[in-house]
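Asker: Sequence:
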Amino acid sequence: MNKKLLFVYSKKEQIELPQKLLSEYQIKSVLATSFREIYKTIVEYKPQLLLFDENVKIKYVRYLSERFKFIPICIIGYFEKPQILEKFLQLNLTILNVNQSETEISSTIENLLWFSLSKEELWDEEYKLCRADLLKSKFLFFIKIFGLSVLAIISFFFLPKLYNILAITKPIYNEIDLKYISPSDIVVLKDKIVVTDWTIRNIFEYNLDDEQLVKMYIADEQFNAVSMNNNNYFVSSSMFSNSIRISQYPEFSVTISTLTLFREKTVMALHLTDDNNLYVLDNKNTLFHYEIKDNKNIVFISSYIITEFFPIDVYVYNNDIFLLDS
Numbered sequence: 001m002n003k004k005l006l007f008v009y010s011k012k013e014q015i016e017l018p019q020k021l022l023s024e025y026q027i028k029s030v031l032a033t034s035f036r037e038i039y040k041t042i043v044e045y046k047p048q049l050l051l052f053d054e055n056v057k058i059k060y061v062r063y064l065s066e067r068f069k070f071i072p073i074c075i076i077g078y079f080e081k082p083q084i085l086e087k088f089l090q091l092n093l094t095i096l097n098v099n100q101s102e103t104e105i106s107s108t109i110e111n112l113l114w115f116s117l118s119k120e121e122l123w124d125e126e127y128k129l130c131r132a133d134l135l136k137s138k139f140l141f142f143i144k145i146f147g148l149s150v151l152a153i154i155s156f157f158f159l160p161k162l163y164n165i166l167a168i169t170k171p172i173y174n175e176i177d178l179k180y181i182s183p184s185d186i187v188v189l190k191d192k193i194v195v196t197d198w199t200i201r202n203i204f205e206y207n208l209d210d211e212q213l214v215k216m217y218i219a220d221e222q223f224n225a226v227s228m229n230n231n232n233y234f235v236s237s238s239m240f241s242n243s244i245r246i247s248q249y250p251e252f253s254v255t256i257s258t259l260t261l262f263r264e265k266t267v268m269a270l271h272l273t274d275d276n277n278l279y280v281l282d283n284k285n286t287l288f289h290y291e292i293k294d295n296k297n298i299v300f301i302s303s304y305i306i307t308e309f310f311p312i313d314v315y316v317y318n319n320d321i322f323l324l325d326s
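Position one of the sequence shown corresponds to residue 1 (the working numbering), numbered consecutively onward.
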């Protein structure tokens, strides 16, 4: 029997599922009208995967993902509005773009099903465990509320000492939790932060001051390593590739210049300085130094083989080179 998928859709816009999914899987559809109706359908149908269209309200997805943690969840759509994609990424869900090939979509679903605990023979037992965990979480929640109430009372009387302790132990850096499926690289510039996601081929641009999403771009290829400088030179390389492409951000399709590494080497990491010096780290422990001239030609400067450890990233600051050990 074909594996069972439950497709939850909204009234707003009907998304047609790829024909390959309809032929390979047993698919049941349910309209997102109420929590109770969807919940009841899941328990009765016992699907191996939940598929939501992008127009389903986020509250439905969050509610069901908490109650059926053993069932993989995918969101399918066109994702033309970055705000919608951002909300789903914050839940760490798998994104399926309708513009992807049917083979890619089917392969992603098959990989999720392979590692999932929602297989037919495990379904009932996993559902019972999930219910038990949910009840336990609610109990712990009330315990935490009680504990916080006691802590608040104690803090009221010992607030001055508590303030001094917190002031001394306050961290000197900010920690940011990236809500992406497979973030492959990050670039921090004077006014922006650029993050690339290897799985969905998206490039996200954030404002450096408030860390709010400003723009989202969809590239033609999957970037393994990227770098960029304040001159808006954007250098990139794809997974398992030995070629590097330079474009003018955000015109990714317009190539300014290209560079190919010698022999069977692939690019591990890139760093481009504001004075257009390009540092390339390959998978053979070699660090290359190039310079991008005013005529856009790339000139080789030097290379260095690292023997002490296996580097996986490179960063240059004030002419000092920093390498990250694996």
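For the record, the hints were derived by calculation from the structure and aren't laboratory data. Any given hint could turn out to be false.
No farther apart than 25 Å at their CA atoms in a straight line, the calculated lysine-lysine pairs in the DSS-like style are these [what the hints assert, rightly or not]:
no., residue 1, residue 2
1, Lys59, Lys69
2, Lys128, Lys59
3, Lys4, Lys81
4, Lys81, Lys46
5, Lys128, Lys28
6, Lys81, Lys119
7, Lys119, Lys144
8, Lys40, Lys144
Computed from a prediction, not measured in an experiment: that's the story for all the values here.
Asker: So, for every hint listed, does it hold in this structure?
Answerer: Hints, one by one, checked against the model:
1. Lys59 to Lys69: holds (15 Å)
2. Lys128 to Lys59: Holds. Lys128 to Lys59 sits at ~23 Å (cutoff 25 Å).
3. Lys4 to Lys81: violated (30 Å)
4. Lys81 to Lys46: violated (32 Å)
5. Lys128 to Lys28: holds (23 Å)
6. Lys81 to Lys119: The given pair, whose Cα atoms are some 34 Å apart, is violated under the 25 Å limit.
7. Lys119 to Lys144: The given pair, whose Cα atoms are some 34 Å apart, is violated under the 25 Å limit.
8. Lys40 to Lys144: violated (31 Å)
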